[in-house]
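Chains Z and A, in that order, give the protein sequences. Residue numbers are given in my numbering: position 35 of the first sequence equals residue 35, and the series is strictly consecutive. Residue numbers are given in my numbering: position 109 of the second sequence equals residue 109, and the series is strictly consecutive.
Just so you know, the hints here were simulated from the structure itself, not pulled from any lab data. Values in this document were obtained by computation on a predicted structure and should not be read as measured data. Among the clues, some could well be false.
Simulated crosslink set (EDC-like; lysine to aspartate or glutamate; CA at most 20 Å straight-line) [as the list claims (entries may be wrong)]:
(1) 39/A to 224/Z
(2) 311/A to 203/Z
(3) 320/Z to 259/Z
Given next are the chains, with one letter for each unit.
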Amino acid sequence: MDHVDTTTRALATPGRDGSDAPAERAPGHRRTPLGTRLAHDYPVLLLAVPGMLIILAFQYYPLLGNVIAFQDYQPYLGIDKSLWVGLDNFRILVDGDPAFLNALVNTLILTLIQVVFVFPAPIILAIVLNNLVSGRLRQTVQSIVYLPHFLSWVIVVAIFQQMLGGAGMINNWLRSTGMEPFHIIGNADLFRALLTSQVIWKDTGWTTILFLAVIAGIDRSLYEAASADGAGRLRQMWHITLPGMRPIIVLLLILRLGDSLTVGFEQIILQQTAVGTHVSEVLDTYVYNNGIIGGQWGVAAAVGLAKGVVGLLLVLGANKLAHLFGEEGVYRA
Amino acid sequence: MTATRHHDARPATTGAPATRAARPRRKHPILLDGQPYPKLPERIGNGIALTVISLLVIVPFISIVSTSISTPEHVIRSGGMVLFPSGGVDFTAYESIFTGGVVTRAIQVSAFITIVGTALALTLTATLGWALSRRGTVGNRVMLLLVLVSLLFNPGMIPVYLVVQQFGLLNTLWSVIVPTCVSAFNVIVVRSFFMNIPAEVMDSARMDGASEWQIFRHIGLPLSKAVLAVIGLFYGVGYWNAFFSAMLYIGDSSLWPLQLVLRTYVVQGVPMGAQDLGTAAEAMPPQTTIQMAILVISIIPILCVYPFLQKHFAKGVLTGAVKG
């Protein structure tokens, strides 16, 4: 963290802040009474108020709403009048309710698929791009592959349907050449492959930015030394480029692990009706379908709460693990 | 990144100073990482791979635009999607969606959400970022901690829904705008830019009697135009693309933004009738053509801001990434 801080001056931990730059502080600030300090600082505080209110209202205040995970919440009664049921809502997590288990298993399968197929894609693309001789061509390809990141999921799903659907480009072409059309959209067996290819199409280019920047930052004398020792290009990639990318790879893996109970919510909710819930239900869609659509507020909130807590623990745990392996991780606490 | 900087600072010891000097601009034919020049087969392989990847991204766009401007006969003959509008060009699909039906209204709604949302988001993010950059003020550390910790967790869909409901925002466009108008991540990025403004500049302004607000307005904001532009564009793209919050909070279909119209009429394939479009029934273009026209309309704003985004975003993303 330390060297990162001094080079980018990005995320200064609160602890560092107070002691960092006494020059910016009004003289004798520390010892002045609170009233005087408020009188002096109120213009700054006023600037902070609207933004802080939004964060408190939509990040912290909703945490209280999680109490309905312990209630038989009825919207017309509200939180104060709904019945308390203790841990009843969590029973479905423990008792192995089939619909919940299905959602959990689907979530984990999709996460695993993403780590295996989606995660390495930008690394490979970055290496291929890096090996391009022409800088202009590299820029052009980059401009093209970044673009899908800025499209909404609705647009991406629509594009995939138009290309792969029954009346889509590919099936039109198959029919025109006299072959059998095949249905990818709405085919439950191919649903996971479809989701995966959509994620790859949308975000591979975008994530490549990071890896390219990291490659550009690798000490070039390492390559010169390796060349002098007779290492070929492949060997150099394996022993210099990839190890050079390791910290950022670990960082992104940690973030992914912390999100492992979150997979493609918008993407899935858009396509769920076509394939049914047995392959497409994940924890987030379970919460949405049972809570907001189905009215089982308490159970849905319990699942959401459990998911949030587990996700937080996963990030903290993965970060700790990264430190044990001598990596920077996401943050140091 | 640190490694490069140190390395570049050293005088070149080996015999390629020209390459070295040119490297930061990346315009000359050398590899980013200074590896030896690849052999011809590898270059051909790279070229083919990248051409295929680029085509996979571009071809769908071409096809969508082509279908939206193809004549009805051509679309029907090709069974749906068209790769090139070979049978002439026809803009009736665009005319019919702009005649004041569902799509026209959705464009207005999306434009409202995007413009008002971005303005609000940018204002609140800049002011909060500024306040957090003024170290040593009362409560600064507590507020910073609150912002940072909020990055670690997600309060959950149901509780946020209840809060939106409790504030009476359900079925209003504010439900899409307000909950996401302060991104803690962007606040931190803006703050770090403000903190790079030399203290001397602000001190001298203060000596001249400038108030905190004047310093923010006349020194902080102008010096951070670039980052504010990028963050504004990111908020803008986010609001234009807002789909889930609208689906969650807005039940009234007359308040639907474009993304929900897209979902209903393109993804779910609900046929558009003449009354949805505001045209006469006999003038109806084929459904596919209308769908593709809506799709094109929803992509165009992104394409318009894309060049501006691209100029800055690599830098913005990197600042973000290094921080985690």
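- Message: Need the list of violated hint numbers for this structure, in ascending order.
- Response: none
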